[in-house]
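Residue numbers (the numbering used here), protein chains in the order written: chain A, 133 to 299; chain B, 133 to 299.
In short, the hints are calculated from the structure, not lab data.
Small disclaimer: the values here were computed from a predicted structure and weren't measured.
Incorrect hints may have been included.
Remember, identical chains collapse to one label, so a pair may be satisfied in a single copy or spanning two.
[Claimed, not checked] Keeping only pairs whose Cα atoms sit at most 25 Å apart, straight-line, the calculated DMTMM-like set for lysine to aspartate or glutamate is: (1) 219 / 175; (2) 297 / 199; (3) 219 / 255.
Number of protein chains: 2
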Amino acid sequence: MTKPPKGRVGRANSLVDSYENLAARPGFLIRRLHQIHVALFLEECRQFNVTPVQYSILTTLRDGEPDQTSIANKVGMDLATTTHVLKRLEDRRWLTRTPNPSDRRQRIVRLTGLGARMLTEVDVCAKRAHERTVDQLGGKDRERFIASLAQLVEANNQYSRAPIKLS
Amino acid sequence: MTKPPKGRVGRANSLVDSYENLAARPGFLIRRLHQIHVALFLEECRQFNVTPVQYSILTTLRDGEPDQTSIANKVGMDLATTTHVLKRLEDRRWLTRTPNPSDRRQRIVRLTGLGARMLTEVDVCAKRAHERTVDQLGGKDRERFIASLAQLVEANNQYSRAPIKLS
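Chain A extracted, bound-state conformation (with noise of 0.2 Å):
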């Protein structure tokens, strides 16, 4: 299907040939790279018991105040994922949730003391779950693997059943 980039390419095409067709296809291939990040990140904040779902919402809160739906449209999830995620960090006293006076539908969302504490922690191990994830491309690869991602996700984000929707 494809070259391997240098350096790799016995090991590379040995698991294509012996899938055959199934590790070149790009979606399994997406499929299992997502399941192995989120191994490592579970792995690398396991004292925090913070999944990456919950750290890409809590980090949406430090530099704001948003409701509940703004966060949605932001990590790209449906709103009842979104507000049970938030419902759970509320529990752990890591976040607030309350009603927003101009609104009565939505929530305003706000970090803790606690949650802005902990959230400062958790950005060390999910860093290094990030880049554990990349860190067997060399440099150049890397870049350019994150910069192809960028591109497809944004050129597609339209396809997802919660796209991304900046305010």
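Using the hints provided, position chain B relative to the given structure of chain A.
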């Protein structure tokens, strides 16, 4: 973080900038691209009501009659989830699961005639979904992207919760 590929500089930059850190994180981008691929797959294959994971599993049956554990190992999923998916496909009469005479704890899985015919048709829409997932990248970037994906998936295989095991 990284130079976006030519021709998309403006758009790629604007997404990264407006997200600050979030869109620069490999894990976040991988989750989004996985969501996008699933949505494209469900759209392309909606007439068959089949998911990417069901398709991955079905294609492992093409060249043999594996047991359920071998299938789980091939697609990188845990046995419980794999068995659940297989039962649903059995309900639809796309495959059979029969006890293995030489190991009562195992079941041998076989495509039915109906399943084989459906799979040939699903191949076509699945291919379109896989292509659409990466077709915003130019030919060379696309090859390089898929090679990098394969490299990362292989190198980090052991970190995932359900590593791929090739017999």
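Status of residue 199 relative to residue 297 across identical chains (alpha carbons, at most 25 Å): Close inside one copy (14 Å), not across copies (44 Å); limit 25 Å.
Homo-oligomer pair classification [residue 175, residue 219; C-alpha up to 25 Å]: Intra 23 Å, inter 31 Å, cutoff 25 Å: intra-copy only.
Within, between, both or neither: residue 219, residue 255 at alpha-carbon 25 Å: For residue 219 and residue 255, the Cα distance is within 25 Å only inside one copy (21 Å; across copies 41 Å).
When the structure is compared with the earlier hints, no violation turns up for any of them.
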